[in-house]
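Engineer: Residue numbers (the numbering used here), protein chains in the order written: chain X, 1 to 110; chain L, 1 to 113.
Heads up, a few of these hints could be off.
[Unchecked claim] Computed list of lysine to any residue pairs in SDA-like fashion (alpha-carbon distance at most 25 angstroms, straight line): (1) X:K9 with L:Y103; (2) X:K9 with L:Q44; (3) X:K73 with X:G94; (4) L:K57 with L:H73; (5) X:K22 with L:P8; (6) X:K65 with X:R43; (7) X:K9 with L:K57; (8) X:K65 with L:Y100.
[What the hints assert, rightly or not] Derived coverage of chain X by chain L (criterion: at least 3 residues anywhere in the stretch with Cβ under 8 angstroms from a Cβ of chain L; other residues may be distant): (9) 63-75; (10) 99-109.
[Unchecked claim] Here are some chain X residues pointing at chain L (derived, C-beta under 7 angstroms): (11) G94; (12) R95; (13) R96.
In case anyone wonders, no lab produced these hints; they're calculated from the structure.
Note that the structure is predicted; figures quoted are calculated from it, not measured.
C-beta atoms are modelled at their ideal positions from N, C-alpha and C, and glycine is treated no differently.
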Amino acid sequence: AQRVTQPEKLLSVFKGAPVELKCNYSYSGSPELFWYVQYSRQRLQLLLRHISRESIKGFTADLNKGETSFHLKKPFAQEEDSAMYYCALSGQMGRRALTFGSGTRLQVQP
Amino acid sequence: DSGVTQTPKHLITATGQRVTLRCSPRSGDLSVYWYQQSLDQGLQFLIQYYNGEERAKGNILERFSAQQFPDLHSELNLSSLELGDSALYFCASSVGDVSYEQYFGPGTRLTVT
């Protein structure tokens, strides 16, 4: 079975501080990992995926297969980054379904 | 709105009843996915359809069923409702059968009383 764990329900930082949202996964095969974000009153949307190795809105995430982690990082948090962040894994069912973590609420204070 | 749409936004019904949730995918998308988000279970994959055919099945109860119609919209039918079925039900769509990027709708909030 595949599982995604986000250990923090809430992460509160001050504007300009570094941010790291933790994500650990368990999956026996080769996973595809994603970060989805949900801003207030908006729908869930894809933030980034590990295969593209890109930086979106200053966020990056590196897949560490040894530690089975896919932490989301940003060097300097902005107030507009406040949102709910979900780590997701695609592996089983021919990679058709996403398995989501429980989510971390990021609160960036001024 | 060319994004994923879901109706209704809110639904309140009693235990034992049956409801139908509707989803229209983004223009051009052939896949539709259904997810359930509850307080205790988080976001869980229920089922996926691609161009009218069921392609993947997750933790979907036997009381729940879904279908995708020729115009590609999808319906999720929930029957013999229980209090524990109260949740947010999300629909997502993607272009292909196996897609890394799924576009989510705003969700339908179901309350079973």
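Engineer: Please go over all the hints and tell whether each is borne out by the structure.
Structural biologist: Tested hints:
1. Annotation: proposed proximity of K9 of chain X to Y103 of chain L holds, straight-line Cα distance about 24 angstroms (limit 25 angstroms).
2. Of the pairs offered as hints, the one joining K9 of chain X and Q44 of chain L holds, with about 17 angstroms between alpha carbons and a cut-off of 25 angstroms not exceeded.
3. The suggested pairing of K73 of chain X with G94 of chain X is violated, with an alpha-carbon distance near 29 angstroms, which exceeds 25 angstroms.
4. With a C-alpha separation of about 18 angstroms, the suggested pair K57 of chain L and H73 of chain L falls inside the 25 angstroms cut-off, and the hint holds.
5. The straight-line distance between the Cα atoms of K22 of chain X and P8 of chain L is roughly 34 angstroms, outside the 25 angstroms bound, and the hint therefore fails.
6. Distance hint between K65 of chain X and R43 of chain X is unfulfilled; the C-alpha atoms sit about 30 angstroms from each other, more than 25 angstroms.
7. The suggested pairing of K9 of chain X with K57 of chain L is violated, with an alpha-carbon distance near 28 angstroms, which exceeds 25 angstroms.
8. At roughly 19 angstroms between alpha-carbon atoms, K65 of chain X and Y100 of chain L fall within 25 angstroms of each other, so this suggested pair holds.
9. Against chain L, the segment 63-75 of chain X contributes 0 residues with a C-beta closer than 8 angstroms to a partner C-beta. That does not satisfy the three-residue criterion, and the hint is violated.
10. Taking a C-beta to C-beta cut-off of 8 angstroms, the segment 99-109 of chain X contributes 5 residues in contact with chain L, enough for the three needed, and the coverage statement holds.
11. With its C-beta approaching chain L no nearer than about 6 angstroms, G94 of chain X sits inside the 7 angstroms limit, and its interface hint holds.
12. Hint status for R95 of chain X: holds, given a least beta-carbon distance of 5 angstroms to chain L, under 7 angstroms.
13. For the restraint placing R96 of chain X at the interface with chain L, the shortest Cβ-Cβ distance is roughly 4 angstroms, inside the 7 angstroms limit, so the hint holds.
Of the hints listed earlier, those the structure fails to meet are numbers 3, 5, 6, 7 and 9, in rising order.
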